[in-house]
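Since chain V is already given, all that's left is putting chain X on it; use the hints.
Sequences listed follow chains V and X, in order. Every letter in the first sequence is one number past the one before it in the UniProt record's numbering, and letter 27, counting from 1, is 27. Every letter in the second sequence is one number past the one before it in the UniProt record's numbering, and letter 163, counting from 1, is 163.
You may find that some hints are simply not true.
[As the list claims (entries may be wrong)] Some chain V residues close to chain X (C-beta under 10 Å, calculated; not the full set):
1. Phe32
2. Met36
3. Asn47
4. Pro87
5. Leu114
6. Ser116
7. Thr138
8. Met139
Worth flagging that the hints you see were computed from the coordinates, not collected in a lab. Where a beta carbon is used, it is the ideal one built from N, C-alpha and C, also for glycine.
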Amino acid sequence: MLLPQRRVQLELTVYSDLIDLIVTLGGLGGRFDQTMASVETLFHATNITPFPVIVIQESSLIYLLQPGKHKLQVNTGLEGSWCGLIPIGSSCDSVTTTGLRWNLANQVLKFGTLVSTSNTYDNSGTVTIKTDKPLLWTMAIKL
Amino acid sequence: MERVFTPLDCLLPAGNLKFCLLILNQPFDRGHFHCLWSKAALRACADGGANHLYHITEGSQDSFLPDYISGDFDSIQPEVKAYYKAKGCELIETMDQDFTDFTKCLQILQKKIEEKGLQIDLIVTLGGLGGRFDQTMASVETLFHATNITPFPVIVIQESSLIYLLQPGKHKLQVNTGLEGSWCGLIPIGSSCDSVTTTGLRWNLANQVLKFGTLVSTSNTYDNSGTVTIKTDKPLLWTMAIKL
Chain V
1 MLLPQRRVQL ELTVYSDLID LIVTLGGLGG RFDQTMASVE TLFHATNITP FPVIVIQESS
61 LIYLLQPGKH KLQVNTGLEG SWCGLIPIGS SCDSVTTTGL RWNLANQVLK FGTLVSTSNT
121 YDNSGTVTIK TDKPLLWTMA IKL
Chain X
1 MERVFTPLDC LLPAGNLKFC LLILNQPFDR GHFHCLWSKA ALRACADGGA NHLYHITEGS
61 QDSFLPDYIS GDFDSIQPEV KAYYKAKGCE LIETMDQDFT DFTKCLQILQ KKIEEKGLQI
121 DLIVTLGGLG GRFDQTMASV ETLFHATNIT PFPVIVIQES SLIYLLQPGK HKLQVNTGLE
181 GSWCGLIPIG SSCDSVTTTG LRWNLANQVL KFGTLVSTSN TYDNSGTVTI KTDKPLLWTM
241 AIKL
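Isolated chain V (complex conformation) (with noise of 0.2 Å):
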């Protein structure tokens, strides 16, 4: 007979070996300002769960990198034609990327000044990205 905490451990562990993101269903269509609410969450996100939070609608997924060195594999044969990097909630001082078409060598990503969109993929099948800031991740799904 377990105490209601103790089980609720146990429950968080056994499952944590079971699964390695949570997948959100909608979020990125309609309304202006709830496609910036789903952002915002997933900046919350961070402090709710220790798992990489994905929001997928039609044909777009949206993915927070915390700063430091990303490596994405994109050869599934799902990846749509286009990408991109949204400096979304604050400048990124340093950018770094490979594998992409229009890569980033160390420089900046801000509103105003340089948002990567249309971007898409060179054919090594993986990006790397290196931020400083958080960066929004987003890229094509094939239909």
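Quick look at chain X alone, frame taken from chain V:
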């Protein structure tokens, strides 16, 4: 100095504000389209925006000819391009890959406004907020660049959403046209705002920080005053619902 503006005046048949219309490459609402087209001083399409214009005016395309179509022409359908060319519409190819079709179309629009000496109050953009997420963000990016392209306010409308970038300073928005939907919001999209103060909203801000990860105003609404005032220290994106 306070900027006074009625965002939805352009959708009122008897509205006072004079504007130019820019059509982007996204499906748009027939209702908005006809009202905006009939009142616009100048009408332009950015690349694939011409496809949507062509299809939404099926059967009477020759009564809805744009003043120009600009872009790198990778989205416009060949038969649409041929049709408007044959009808005498100006086609302006803009190959610069550093800027989006929207930004380049806006640059051309400003030049034509100056050349023709048009007296206008704002620029209305139809489309730009639906579909591809990166394109929605590109529309917002163009609003940031717009301050260096044109002195006129630029708004973007698609279906039931409107966005408008507020520059630092004081703004008074008249929201009593009767076309305002229930929701509105303030989005610190490019950078955090250290000090935002509002009146006229259900949940007002008093010298507060707006910042992703801290506080973003979404699902807000109006009090009954019919006016919203916003004071901001940084560019801040206003968004509101339009009754369809």
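How the hints compare with the structure:
1. Phe32: 4 Å, holds
2. Met36: Nearest chain X Cβ about 5 Å off; hint holds.
3. Asn47: Holds. Min distance 9 Å.
4. Pro87: The hint holds - Pro87/V has a Cβ within 10 Å of chain X, the shortest such distance being about 8 Å.
5. Leu114: 9 Å, holds
6. Ser116: 8 Å, holds
7. Thr138: 5 Å, holds
8. Met139: 8 Å, holds
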